[in-house]
Amino acid sequence: MVLNMVERIGASVVTRLQEMGRMLLFVLSAFAWLTRPPFRFSHMLKQLHFIGYKSTFVVVLTAGFTGMVLALQGYYSLRKFGSEGLLGSAVALSMIRELGPVLAALMVTARAGSAMTAEIGIMRITEQIDALDTMAINPMQYLIAPKLVAGLIGVPLLVAIFDVVGIYGGYVVGVDLLGVNAGSYWNSIESTVEWKDVYGGILKSISFGLIITWICSYKGYHTRQSAEGLGTATTEAVVLSSVVILVWDYFLTSVLL
Amino acid sequence: MIKLIGVEKKLGGQAVLQGVNLTIPVGKLTTIIGRSGEGKSVLLKHMIGLMQPDRGEVWVGDVEISRLSGTRLNDVRKRFAMLFQGAALFDSLSVFENVAFPLREKLRMKGPAVAQRVEEKLAQVGLEGMGHKFPAELSGGMRKRAGLARALVMEPEIILFDEPTTGLDPLMAKSIHDLIVTMQRRFGFTAVMVSHEIPEIFAISDWVAMLRSGKIAAMAPATEFQRITDPDILEFISVGGTVVLPGSHVG
Ligand SMILES: Nc1ncnc2c1ncn2[C@@H]1O[C@H](COP(=O)(O)OP(=O)(O)OP(=O)(O)O)[C@@H](O)[C@H]1O
Ligand SMILES: [Mg+2]
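Which chain is which? The protein sequence lines are G and Y, in order. Residue numbers 1 to 257, in our numbering, belong to the letters of the first sequence in order. Residue numbers 258 to 508, in our numbering, belong to the letters of the second sequence in order.
No wet-lab data here; the hints were simulated from the structure. Some hints could be false.
[What the hints assert, rightly or not] In silico BS3-like cross-links for lysine-lysine, where the CA-CA straight-line distance does not exceed 30 angstroms:
| # | chain 1 | residue 1 | chain 2 | residue 2 |
| --- | --- | --- | --- | --- |
| 1 | Y | K335 | G | K46 |
| 2 | G | K46 | Y | K363 |
| 3 | Y | K390 | G | K46 |
| 4 | G | K46 | Y | K367 |
| 5 | Y | K260 | Y | K367 |
| 6 | Y | K363 | Y | K390 |
| 7 | Y | K390 | G | K54 |
[Unchecked claim] Under 7 angstroms between C-beta atoms, here's a sample of chain G residues computed to sit facing chain Y:
| # | residue |
| --- | --- |
| 8 | T126 |
| 9 | E127 |
| 10 | Q128 |
| 11 | D130 |
| 12 | T134 |
| 13 | M135 |
| 14 | A136 |
| 15 | I137 |
| 16 | P139 |
No residue lacks a Cβ here, since even glycine has one placed at the ideal position from N, Cα and C.
Using the sequences and the hints given, assemble the complete structure.
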């Protein structure tokens, strides 16, 4: 009984480890293929358009409301200490250090990551990936590598937009609605936000860009041969990316602070 | 020459191939028949290295491909083209782009030469003027023909056809058979075709092989295959209808 359980736990640990190893090999091979010609810049731009440009609307929307609700919450907390003037700093620091990278990454996962898994998964099921193979075109190079690069470039840019829009959202609520002084809103941002905060945000967003495209394309690439397989792959990709983003965020924050 | 020696393959716990010995002659049209789910598609995938045998060898010319990977496998694959059973067209590309794909990506061809060759092939499979459409907008049979155009456009040394005429009306099926045979005679490529078109295949093929219970149950020149007296084989090839005289189809 007990032995049986230990055995099963052991087996599941081994499967997990194997899966992690395969994922690592997957991303390494994609980057290795990236260094070999032919270089397909147009593919990369197309992916950047898909991951970046097409996510702008939802990112702006979430950023605006996040900034606004931060200002609302921050205002009522800060007012207790009579320091409403620091509202700008509170909004900007939370945005740049935490919420911008994390929320933008979660939105990109939901919008572009899931679509990426589905797209690659369908290509797997309908043998389009095999067709690439038979044409002696490496799917890692043709299909996966451009997505990884697009994630590395696209997500930091989206996060930058998220931060700016969020800070303006906070301004609208804090200054226009709740009557915080406009000058002190900007001043507090200028005096408290350091380069270190910005670098941290950039580092986070780059790594999130990699995590999303890595996990989502891996799950799509290894989709099982059925319609349920596709559904499972998409769900797993979104859940796993989101969890890894949050865990990695905690880890990076504790290292960066 | 493609040669499979003692190829065994288990898929999902099921022994699909159980020691296949098969030699595909060079420059001939060899047709593989067999019941649905018998492993014909799996067999084709072994020939081009999409699947690796659990046991046995796969030779393409003088290269054993079952343990190859990376660029060395790609070098072998450059000699092939394949029509998949489900066509496997790229959803994100138009029909024209699909057919142009191997020319551009594999042969690195550019400019009007590509367009000319693509249009020619599209016309041959009866898809003239359909180049701008996307795979999702085509019928199953049209997709099959677009896939065929993509396989033929390369004019490679070896072409694998997985059921090129399934899902086509009889007239279209006949014209696709004629096209494959004409192209094969003209360019002399080695053709391996999986087909359920009995008895037509006896008229167009050079060789016929039958896969049964994971093995090659029989292989013979098309003209002689119908004289095989094994009752199971006879039953399989005579269900389709009357037996035609070999050689009456193509002159
Ligand atoms: N990737 C795979 N994973 C698991 N099982 C598979 C896989 N591919 C094929 N099989 C199994 O192998 C067997 C042979 O399949 P295959 O597609 O080769 O049949 P077939 O002879 O081409 O049939 P049909 O004439 O219907 O196309 C089937 O039982 C199928 O379920
Ligand atoms: Mg098949």
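To see whether the hints hold, each was checked on the structure:
1. Y:K335 / G:K46: holds, 27 angstroms
2. G:K46 / Y:K363: holds, 21 angstroms
3. Y:K390 / G:K46: holds, 20 angstroms
4. G:K46 / Y:K367: Status holds; Cα separation ~21 angstroms.
5. Y:K260 / Y:K367: violated, 35 angstroms
6. Y:K363 / Y:K390: holds, 23 angstroms
7. Y:K390 / G:K54: The given pair, whose Cα atoms are some 24 angstroms apart, holds under the 30 angstroms limit.
8. T126: Status holds, d = 6 angstroms.
9. E127: holds, 4 angstroms
10. Q128: Check passed: Cβ of G:Q128 comes within 5 angstroms of chain Y, closer than 7 angstroms.
11. D130: Result: holds, 5 angstroms to nearest chain Y Cβ.
12. T134: Check passed: Cβ of G:T134 comes within 5 angstroms of chain Y, closer than 7 angstroms.
13. M135: At 5 angstroms from the nearest chain Y Cβ, G:M135 passes the 7 angstroms test, so the hint holds.
14. A136: Status holds, d = 4 angstroms.
15. I137: holds, 5 angstroms
16. P139: violated, 12 angstroms
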